[in-house]
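Okay, here's what each chain looks like letter by letter:
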Amino acid sequence: MKRELLTGNRAAALGALLARVDYLPAFPITPQTEIIETIGAWIEDGKMDCRMVTMESEHSMITAAGAAAVTGVRVFSATSSQGLLYGTEMLYTVAGWRAPFVLVNVSRGLSAPITLEPDHNDIMAVRDCGFLQVHCATCQEVLDSMIMAYRLAEDEKVRLPVIVNFDGFYLSFTREPVEVPTPDAVDSFLPPFDPGSIRFRANEPLSEGVAVLGGAAYSYFRYEAHLASEQGIEVFEKIAAEFSDCFGRSYGVLETYKSEDAEFTFVMIGSFATKAKDAVDRLRDVGWSIGLVRPRLLRPFPKEAIAKALKNKKGVAVIDQNLAAGLGGVLYTELSSVLYNQKGAPDVLLSFIGGLGGRDITPEDFYQIAAVTRKAVEDGETPPPRLLYSEEELLEVRKLQSVARAARQTRGGGK
Amino acid sequence: MISAFQRLKDLPSSHILGSGTPMCAGCGGLEALHEIYDIIGEKNVIVNAAGCMTLLSIYPFTPFRGSWLYTAMASAPAGAQGVRDALDILQKKGEIDTAEDLEVLVLTGDGSANGMGLSSTSAAIDRNLDFFYVCYDNEGYGNTGQQYSAATPHAARTATSRGVHGYPGYKKDLFAIWAAHRPEYVATAVGAEPLDLARKIEKAKKMKGPRLIIVLSPCPTGWGYDPQESVEIGRLAVKTGIWPLKEYEDGKVVHTKISRPRLPVEEYLSRQERFQHLFRPQRDEQLLAEIQNRVDAYWQAIEGR
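Chains as they are written, first to last, in our numbering: chain A, 1 to 415; chain B, 1 to 305.
Hints listed in this document are in silico derivations from the structure and should not be mistaken for laboratory results. Keep in mind it's a predicted model, so treat the numbers as computed, not measured. Be careful, since some hints might not be right.
Unchecked claim - Below, computed lysine to any residue pairings styled on SDA-like, alpha-carbon distance capped at 25 Å:
hint : chain 1 : residue 1 : chain 2 : residue 2
1    : A       : 47        : B       : 127
2    : B       : 208       : A       : 51
3    : B       : 203       : B       : 221
4    : B       : 93        : A       : 20
5    : B       : 93        : A       : 343
6    : B       : 239       : B       : 93
7    : B       : 92        : A       : 44
8    : B       : 93        : A       : 195
9    : A       : 277       : A       : 363
10   : B       : 205       : A       : 206
11   : A       : 311       : A       : 343
12   : B       : 92        : A       : 277
13   : A       : 314       : A       : 278
14   : B       : 93        : A       : 277
15   : B       : 252       : B       : 295
16   : B       : 93        : A       : 156
17   : B       : 208       : A       : 203
18   : A       : 2         : A       : 311
19   : B       : 93        : A       : 185
20   : A       : 47        : B       : 91
21   : A       : 303       : A       : 220
22   : B       : 257       : B       : 235
23   : B       : 246       : B       : 286
24   : A       : 277       : A       : 389
Bound conformation, chain B alone (with noise of 0.2 Å):
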C-alpha cells in the first residue's frame, strides 16, 4: 500500500478537534490526538478512561465532532465492546445502516493502559474486537501530579520516586504485551513525527480487529520542560533511540524509523527536569551509561550490529 501521506505538505490542512480544552499548554498528548483524529474522522464514538484526557469533554462543552463515553479507569475496551456488538446488532437488525455506524475508538492514558485497564485490553484482543485503541503515553500518573507507573521510565524523578536515583523500575514493554495476543496491528509513535504517525493511522484505519499504538505523550508539566520544546522533546525521544518508532502486523515487527546516527540518550534526559539528578550536582554516570546501554542493546539486537 502506497501511503496518501509522502511528504509533510500531504497531512490535512485542516483540524477537525476542538481548541480551548482544559489540556495543559504544550501537552504531547493532545498534539498526537490531533494528528489522529484529522486523519481518522469524526466517525467515531471515543471510549475513554480516567486520565488527563477525560477532562476533553466538560458539560457541556466538547471539542470532538463525533461521540465520547467516558467509562471509568479499567474498562475502556468493555465499553468499546458494548458498543461494537450494540452496533452490529442493530446493523443485523437493519435497524441502522452502515452509515450510521460508527468506529469504536478506546482512548486512554499509560496508567489505564498499563495497569488496571490491561485486563480488558487483553480480554478485548482476546474477543477480536473490531477496535481502535490510542494510548497516549506520558509515562506516568499524569493527572494527579506525575505519580510514577508502569510505564515511568528507569531513573526519572516522580511525584512518588523523588530520591537521588529516581524510579527504580523499567518501563514497562506495553507494544509487546500488546503484540504477544497477536492482534491486527500494533505500533508506537509520537506527535513530534506526524508522517510516521499518519501513516500508521491511515493503514490501521483500514483493517478490522484490534488496532492498537502508543504515542509518546511529552508532558512540559511532568516532565518538567518548557511548553515550546514539546516537539522538540518528542524528536529527541526518537534520535536517541529511546522510543522506537515500529509497528506489528502479521506476526513480524518492523521499524518505521531508524536513526543513524543515533543521538547520545543525554541530549534527550538533560532537557528535560525529570533526569536533572543525573547531570546536577553532579554527574550520575553509572546510571547515565545503564540508560545508555540499555538503549544500545535495544538498538543492536534490531539492527544486528
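For reference, chain A alone in the conformation it holds in the complex (with noise of 0.2 Å):
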C-alpha cells in the first residue's frame, strides 16, 4: 500500500484499474472527462487491459455497458449531469437487466440554466431506477467504494448496477492523499466476475429485457429488483467488514460523526459532509451537543440504520444540495418517510436547502443551522424549509442584473 496525492477523478479510475475493468463504454462530460481521459492514457499505455469505445451519447453508453455486463464481462463507466439524465431511460432498463457493473457519476447541477458546478440534483433525479447508490465525502472514499462497489452488485443477493457518487470540482478536481492498495490485495478481496447463467452464448440461447403481459409478471421482476436491492444493505455490510480485515478502513451504511451522544444532529451526505463535521468541531468547543450523520448508502435507503443514528434526538437539520421543485429537499422527504412512526424519532425535522451550482455552504451557515435547530426545539414548532441564500449574494445577482439592464439601454434595447 502506498500514498498518493489523487483527485477524486483519478480515485476513480485508480479504482477502475485495480478492478481489473473489462470495459468501458464512454462519453465526455465536464467535470468526470479526467476519468476516461485516464484510463484511456492507461489503455495506450499498456498498463491497463480494458477495451474503451467512445459513444454518441449516455443514453448509447448506458446501453452498451448494460449489454456488455449481461453478455459476461466487468464494465465501468462514468458521467455527469446532464449526461446522467440523457442516460436515464437506459438506467431503469439495465437495471431491469440486472446488469451489474458499476457508473461513476460526478454530481454537478442540471439546467435550466446550465451550469458546471455541483450539486446533488442529478443523482437525486435518479434515485429510483433501481442502481444501488454509493455517495463519497473523500477521494480515499472514491477509490474503496469503486473497489466495494464492484463485489456489491455482482453479488448473487444484489445483481444490480450500482452508481458511485462524488462531488464535481469540490472531489473530482481536488488532490488528497489516498492510501492505493496493491492490486494483489485487490485481486483477493475482489474475484474475477462470473457472470453465471445471464450471458450471451451460441449453445444457451437468452432472452433479456422481454416483454410482459399483465400486472402481475410485471409486478414480480419489479418486486424482486426492490428486494434485492434491499439486500443491499446486508451484503454492504458484509463486503465493508472484509474491506475493514483487507485494508484498514471501515465503512458503515452512514457514517457518524460525534452524534452517538448529541442533542442535535446534521444530515447530509457528499463532500460538503466534511465542512459539517468541522462546524460540529467547533460547535462542541462552545458546548453544544452536535454530531453529524452521513448516509453512504442512498439506494437501498438504509432505513433502520437512520431510524436508530437519530433515535432520541432533540433536533436534526437535514441539508439537501438539491431542490425537488414545489416540495423542498429530497433528502428530508425521505428521513421523514424513515422517522415516522418510529418511537423516539426527533422531536423536530428540519430542512435546509444549500449548495445549488456550486454555492458554498459556509461554516457560518452551519452555525445558524445549527442555531435555527435550537430555536425550533425550544418553540416546538418546526420552519418551513430554509433556502441558504445571503443578502450579500441577492446583492451580487442584482448587480449583474442592473449591468444587464445598462448594456440593453445603451445600445438603445427595450426595458
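From these two lone chains plus the hints, build me the complex, please.
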C-alpha cells in the first residue's frame, strides 16, 4: 500500500484499474472527463487491459454498458449531470436486466440555467431507477467505494448496477492523500466477475428484457429487483467488514460523527459533510451537543440505521444540496418517511436547502442551521424549509441584473 | 460469388422461427423475418428496439431459437455494440471459443431506424461495428396504430395525417443516408421477393462490419388491405418501381431487380385503404401524377432513359 495525492476523478479511474475492468463505454462530460481520459491513457500505455469505446451519447453508453455486463464482462462507465439524465431511460432498463456494473456519477447541477458546478439534483433525479447508490465524501472513499461497488453489484443476492457518486470540483478536481492498495490485495478481495447464467452464448440461448403481459409478471420482476436492492444493506455490511480486514478502513452504510451522545444532528451526503464535521467540532468547542450523520448508501436506503442513529435526538437538521421544485429537499423527504411512526423519532426535523450549483455552505451557514434547529426545539414548532442565501449573494445577482439592464439601454433596446 | 439461391426451390424448406406470435395476420415484416432467420440461422442475439416486433418475445415465450435482447427505442445499435465488444473481449481472454460466439443482429422498425435510432445507428457505422441491422419498414408507427413516421410515403393517409391529401411529407431516403456512411453493405428488400432477399442475406452473412437492410413490410392493419394480399402488395411495390430493390457495396449502388415494363403506381396505390382518397370520391389527378412522376424520375436517373 502506498500513499498518493489523487483527485477524485483519478481515484475513480484507479478504482477501475484495480478492479480489472474489461470494458469502458464512455462519453465526455465535465467534470467527469478526466476519468475517461486517464483510463484512455493507461490503455494506450499498456498499463490497463481494457476496451474503451467512445459512444455518441450517454443513452447509448448506458445501453452498451448494460449489454456488455449481461454478456459477461466487467464494465465501468462514468458520467455527470445532463449525461446522467440523458441516459436515464437506460438506467431503468439495465437495472431491469439485472446488469451488474459500476457507473460513476460526478455530481453537477442541472440545466436550466446550465452550469458546470456541483449539486445533487442529478443523482436525486435517478434515485428510483434501480441502481444502488454509494455516496462519497473524500477521494479515499471514492477509490475504496469503487472496489467495494463491484463486489456489491456482482453479489448473487444483489446483481444490480451501482452508482458511485461524488461531487464535481470539490472532489473531482481536488487532490487529497489516498492510500492505494496493491493490485494483489485487491485481487484477493475482488475475484473475477462470474456472470452465472445471465450471459449470451451461442450454445445457451437467452432472452433479456422481454415484454410481459399483465401486472402479475411485471410486478414480480419489479418486486424482485426491489427486494434484491434491499438485500444490498446486509451485503454491503458484509463486504465492508471484509474490506476493513483487508485494507484497514471501515465503511458503514452511514457515517456517524460525534452523533451518538448528541442532542442535535446535521444530516447530509457528499463532500460538504466534511465541512459539517468541522462545524460540529467548533460548535462542540463552545458547548453544543451536536453531531453529524452522513448516509453513505442512499439506495438501498439504510432505514433502520438512520432511525437508530437519530433516535431520541432533540433536533435534526437535514441539509439538501438539491431542490425538488414545489416540495423542498429530497433527503429531507426520505428521512421524514423513515422517521414517521418510529418510537423516539427526533422532536423536530428541519429542512435546509443549500449548496446549489457550486454555492458554498459556509461555517456561518452551519452555525445558523444549528441555531435555527435549537430554536425550533425550544419553540416546539418546525419552520418551513429554509433556502440558504445571503444578502451579499442577492446583491451580487442584482448587480449582474443592473449591468445587463445598463448594457441594453446603451444599445437603445427595450426596458 | 454464385448464390446458392438460384430458384425458389433452393430456399430453405425448414423454417426455424416459431409460429403463433402476436404479429397481425399477413404481417409483411414477419414474412421477411421468417425468410431472413431461415438463412441467417439461430447463432445470434437479436437486439431489438421498441416497435411491433418487440411483442415477438413475451415472457416466457419466444419464437427465436437463438438469443434476444430488448433495449429501448433509440439505442438498439448501442446494445449491439456492448454485446459485440463483450464477446470479442471474452474471446481475446480465451474465456469463450468461436463456437460460443454470436452474430449480433439489430431488429427495429422504421420509426426507430429513421428517427430516434438514427444517431446510434450512424455512430455504430462510424465505429465499424460488426453487426447486422434489419429494419422492417411498414412506413409508419405501426404498433401504436399507424401514425406517420419519417418513412411514410407522400400522400398516405395515417392516423395523424387524415386530411384530403394525406401525409404532406416525403419518405426519408434511409438507404441513401445509411450508404452515405460507407458501411460494408446496405440493401433494400421485401419478403414478397424471397430469392432477392435470400441472396442479400447470404451475401451479407459472409461479410464483416456494418451490414444494413431495409425490408419493406406491407402492413394489412396500417395500410388497409386484406391480410391475404400481403405478398401481392409487396410484389406490386416492386413492379410499380415504388420500392426499388438495390444494394450498396464498395461505394456503388446496384439495382438487383428492375421491372420492365413498370406497372403504373395506381396498381399499387389503389389496393390500399391509405391511398383511397386519391381515387374516391373522385380521382386526385394531380397527386397521382406527382407520385408517378417521382417514380419515373427515379428510374430515369437509374436507367438513363
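Hint check results:
no. : hint          : result
1   : 47/A x 127/B  : holds, 24 Å
2   : 208/B x 51/A  : holds, 20 Å
3   : 203/B x 221/B : violated, 32 Å
4   : 93/B x 20/A   : holds, 13 Å
5   : 93/B x 343/A  : violated, 55 Å
6   : 239/B x 93/B  : violated, 51 Å
7   : 92/B x 44/A   : holds, 17 Å
8   : 93/B x 195/A  : holds, 15 Å
9   : 277/A x 363/A : holds, 10 Å
10  : 205/B x 206/A : holds, 22 Å
11  : 311/A x 343/A : holds, 8 Å
12  : 92/B x 277/A  : violated, 49 Å
13  : 314/A x 278/A : holds, 21 Å
14  : 93/B x 277/A  : violated, 47 Å
15  : 252/B x 295/B : holds, 21 Å
16  : 93/B x 156/A  : holds, 24 Å
17  : 208/B x 203/A : holds, 22 Å
18  : 2/A x 311/A   : violated, 40 Å
19  : 93/B x 185/A  : holds, 22 Å
20  : 47/A x 91/B   : holds, 20 Å
21  : 303/A x 220/A : holds, 23 Å
22  : 257/B x 235/B : holds, 11 Å
23  : 246/B x 286/B : violated, 29 Å
24  : 277/A x 389/A : holds, 21 Å
Checked against the numbered hints given earlier, the structure breaks hints 3, 5, 6, 12, 14, 18 and 23 and satisfies all the rest.
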